[in-house]
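K.L.:
Each chain is listed here by its residues.
Number of protein chains: 2
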Amino acid sequence: MAVTIKDVAKVARVSPSTVSRVIADNPRISEETKKRVREAMIELGYHPNFQARSLAVKSTQSIGIIMPNSATKVLENPFFPEVLRGISQVAREDRYGIYLSTGATQEEIFEEVVQMVQGRRVDGIILLYSKTNDTVMNYLLEEDFPFTVIGRPYNNAERITHVDNDNIYATKQVTKYLIDKGHKRITFIGLNPEVVFTIDRMEGYKQALKEAGIPFNEQLVVQESSLKEGGVEVAKEFLLANEPSTALVVTDDFVAIELMSYAESLNIRVPEDISIISFNNIMLTNHMRPPLTSVDIDIFQLGLEAASCLIEKIKNPTILPKRLTIPATMIERKSCASLK
Amino acid sequence: MAVTIKDVAKVARVSPSTVSRVIADNPRISEETKKRVREAMIELGYHPNFQARSLAVKSTQSIGIIMPNSATKVLENPFFPEVLRGISQVAREDRYGIYLSTGATQEEIFEEVVQMVQGRRVDGIILLYSKTNDTVMNYLLEEDFPFTVIGRPYNNAERITHVDNDNIYATKQVTKYLIDKGHKRITFIGLNPEVVFTIDRMEGYKQALKEAGIPFNEQLVVQESSLKEGGVEVAKEFLLANEPSTALVVTDDFVAIELMSYAESLNIRVPEDISIISFNNIMLTNHMRPPLTSVDIDIFQLGLEAASCLIEKIKNPTILPKRLTIPATMIERKSCASLK
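In order, the protein sequence lines correspond to chains B and W.
Residues in the first sequence are numbered consecutively from 302, following the working numbering.
Residues in the second sequence are numbered consecutively from 302, following the working numbering.
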């Protein structure tokens, strides 16, 4: 069993916080007490891991986590707590703390990153998103600072260690699943086109249509942002169109759940009138009426691998960049109907 | 509009990252470039807030968040992302970063706190829990380090700024609500008795019974931990007892949701056979079948106020300790039946 601060405190007949202060060489502690505590540490073979390491290699034993928007907004979506869970598991094992960004604008986030890097606040950074034109990613590359990305970097992907799903393949599969059920008018609902996973998922959607000989129709692509701003009015437009879609491919469960409530308020039945399939497989999907078919992208594992790769890179800066692909699996529930 | 690093970069004809490095006085930047950038900063009236502040007052512009267990475990419960959302809102406004603990054991958490305090990693700390015997809280008090608590400190509450609900009153109200519906055998399901809000909620439960002239029965108190270890078998014991309870007061929605699925598997109907009321009002409660009656404790506000009080304390260390009470409101849904 590992020796703890408490054990040292007991042997040295001081409080655990005194032991901690001795470790930190706090001037408030007398030399006599310091000597007694240090003897107890040697006697018991106690190693104050973090401080020793931190002093020896100027490590901060912290990793920075950069979110795409303010934590206040981002943490509403269960994706982020889940990815943090995966990251923390690795961080805890290696005794790293986690430093979270809180900025909302591109500018604020950029300044936070600069602060983390220039102020040597963290040993490395995980970006929880990837956009087409990302100043943060360029900056970290330029600084040669250890970082990993969840998602596919739009540029320089071969120089950046990243963890991603095969979003093109996964979306092609779910679109094909709907086509096999007889759907031809399928609407694609994604985040804005600067978000790389939206680009990849749309590509998968297009590939499936092409293979089935269904022409791609620009009108059947809806941006989540227009839905957020327009709410039920925008949803009405495509749910109650002259020739309405019979199925939706939605890139985020949260948007799908919102759409289900819009559909309900418009007396449109899921799946009888419209089939819905989405991504992330958050817990809520299983409790919806009907339960929602969703792609499990293994968010926990995305976080865990991104953190493992980062810590590996911190320990060995010359390690080669790599790409890890986490399997994505469709969890079939009751939100898709067959038209045949 | 605020002047940004980008504006400075444009005027000085350098990249934004060069501006950042000038701010950080990086030796890789030539004196000539530094001069040009600094002139641009003066010309535009740009103030690099965080660095200036950090250097001037030795501030870290970070607050530490201490969780009761590993983040990997804790973040499964939507309480924590929600409380982080509230904290981040304030942190962002005041340009603080957030430093999360990742430790799982008391010992690991204690070491992390020592590291934060002695290593001056953070300007202040928020404890997201309160236990009867908390070495962390004692340590922070002893060190006179700025901190606030979400929950009621069991000892020294008058010396510690904390943000809490009136848990005694809220639980008394919901228990009375069940009694008014004709329930007499009401089981109380709480976390372990070291957690202060469990103590307070049990007290409220007892007070309601007492006022109604119903004797308190030790047998009708179940610890969540026994339920977690024993699963459906333990649930069976009280759901299928000789003289079963007709209602449950559960201190956490997540446990209530688990119990609902146990009940379903045992062919016990909610609310016809058993009424359930719980705490936190997480999003899922509204999507359950039946929707779950739950107490909205305003988690976001708990986080927001704890962060506001902490930053106030960091800026003015002589400020008096205070207690803030966030209102709790029962959200009535469909999980409680009348026996009358």
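Source of the hints: derived by calculation from the structure; they are not laboratory data.
A couple of the hints might just be wrong.
Label-pair ranges, simulated between beta-carbon atoms [said to hold, decoys possible]:
id, chain 1, residue 1, chain 2, residue 2, range
1, B, 445, W, 455, 46 to 52 Å
2, B, 485, W, 565, 54 to 60 Å
3, W, 433, B, 304, 48 to 54 Å
4, B, 340, W, 345, 57 to 63 Å
5, B, 531, W, 345, 47 to 53 Å
Calculated cross-link-like contacts (lysine to aspartate or glutamate; reagent style EDC-like; alpha-carbon spacing at most 16 Å) [stated by the list, open to error]:
id, chain 1, residue 1, chain 2, residue 2
6, W, 623, W, 459
7, W, 485, W, 512
8, W, 511, W, 525
9, W, 641, W, 481
10, B, 374, W, 559
11, B, 311, W, 534
12, B, 485, B, 530
13, B, 477, B, 525
14, W, 307, W, 344
15, W, 485, W, 565
16, W, 311, B, 408
17, B, 307, W, 408
18, W, 374, B, 408
19, W, 511, W, 538
20, W, 307, B, 394
21, W, 307, B, 408
22, W, 482, W, 573
23, W, 635, W, 534
24, B, 307, W, 409
Stretch-level coverage of chain W by chain B, calculated; a stretch enters the list once three of its residues show a Cβ under 8 Å from a Cβ in chain B [said to hold, decoys possible]:
id, stretch
25, 512 to 520
26, 613 to 627
Every residue gets a Cβ at the ideal spot worked out from N, C-alpha and C, and that includes glycine.
K.L.:
Now look at each hint and say whether the structure bears it out.
P.N.:
Hint check:
Checked against the given bound of 46 to 52 Å, the beta carbons of residue 445 of chain B and residue 455 of chain W, roughly 49 Å apart, stay inside it. Between residue 485 of chain B and residue 565 of chain W the Cβ separation comes to about 38 Å, which falls outside the hinted range of 54 to 60 Å. At roughly 26 Å, the beta carbons of residue 433 of chain W and residue 304 of chain B sit outside the given window of 48 to 54 Å. Between residue 340 of chain B and residue 345 of chain W, the C-beta spacing of about 59 Å keeps the proposed range 57 to 63 Å intact.
Distance hint check: the CB atoms of residue 531 of chain B and residue 345 of chain W are about 38 Å apart, inconsistent with the given range 47 to 53 Å. With a CA separation close to 7 Å, the supplied pair residue 623 of chain W and residue 459 of chain W stays within the 16 Å bound. Restraint check for residue 485 of chain W and residue 512 of chain W: satisfied, since their Cα atoms lie roughly 12 Å apart, inside the 16 Å limit. Distance check on the hinted pair: residue 511 of chain W and residue 525 of chain W sit about 24 Å apart at the alpha-carbon level, beyond 16 Å; violated.
Between the alpha carbons of residue 641 of chain W and residue 481 of chain W the distance comes to roughly 9 Å, so the proposed pair stays at or under 16 Å and holds. About 28 Å separates the Cα atoms of residue 374 of chain B and residue 559 of chain W, which puts this hinted pair outside 16 Å; it is violated. Only pairs whose Cα atoms come within 16 Å are accepted, and residue 311 of chain B paired with residue 534 of chain W is rejected, the gap being roughly 41 Å. Using a Cα cut-off of 16 Å, the hinted pair residue 485 of chain B and residue 530 of chain B is violated, with the two alpha carbons roughly 28 Å apart.
As the CA atoms of residue 477 of chain B and residue 525 of chain B are separated by approximately 22 Å, the hinted pair breaks the 16 Å bound. Restraint check for residue 307 of chain W and residue 344 of chain W: the C-alpha separation of about 14 Å stays at or below 16 Å, so the hint holds. A threshold of 16 Å between alpha carbons decides the hint, and for residue 485 of chain W with residue 565 of chain W the separation of about 23 Å lies outside it, so the pair is violated. Restraint check for residue 311 of chain W and residue 408 of chain B: the C-alpha separation of about 14 Å stays at or below 16 Å, so the hint holds.
Under the criterion of a C-alpha separation no larger than 16 Å, the hint pairing residue 307 of chain B with residue 408 of chain W is consistent with the structure, at around 8 Å. Distance hint between residue 374 of chain W and residue 408 of chain B is unfulfilled; the C-alpha atoms sit about 33 Å from each other, more than 16 Å. Between residue 511 of chain W and residue 538 of chain W, the direct Cα distance comes to roughly 25 Å. Violation of the 16 Å bound is thereby established for this hinted pair. Taken as a hint, the residue 307 of chain W and residue 394 of chain B pair is broken in the structure, with Cα atoms around 39 Å apart against an allowance of 16 Å.
Among the hinted pairs, residue 307 of chain W with residue 408 of chain B is consistent with the structure: their alpha-carbon atoms are about 8 Å apart, no more than 16 Å. This hinted pair checks out: residue 482 of chain W and residue 573 of chain W have alpha carbons roughly 13 Å apart, not beyond 16 Å. With a CA separation close to 26 Å, the supplied pair residue 635 of chain W and residue 534 of chain W exceeds the 16 Å bound. In summary, the hint linking residue 307 of chain B to residue 409 of chain W is supported, as the alpha carbons are separated by about 11 Å, within the 16 Å threshold.
For the stretch 512 to 520 of chain W, the stated coverage by chain B is not satisfied: 0 residues place a CB nearer than 8 Å to a CB of that chain, which falls below the threshold of 3. Residues of the stretch 613 to 627 of chain W with a Cβ under 8 Å from some Cβ of chain B number 0, which does not satisfy the need for three, so the listed coverage is violated.
In this structure, the earlier hints numbered 2, 3, 5, 8, 10, 11, 12, 13, 15, 18, 19, 20, 23, 25 and 26 are contradicted, and the remaining ones agree with it.
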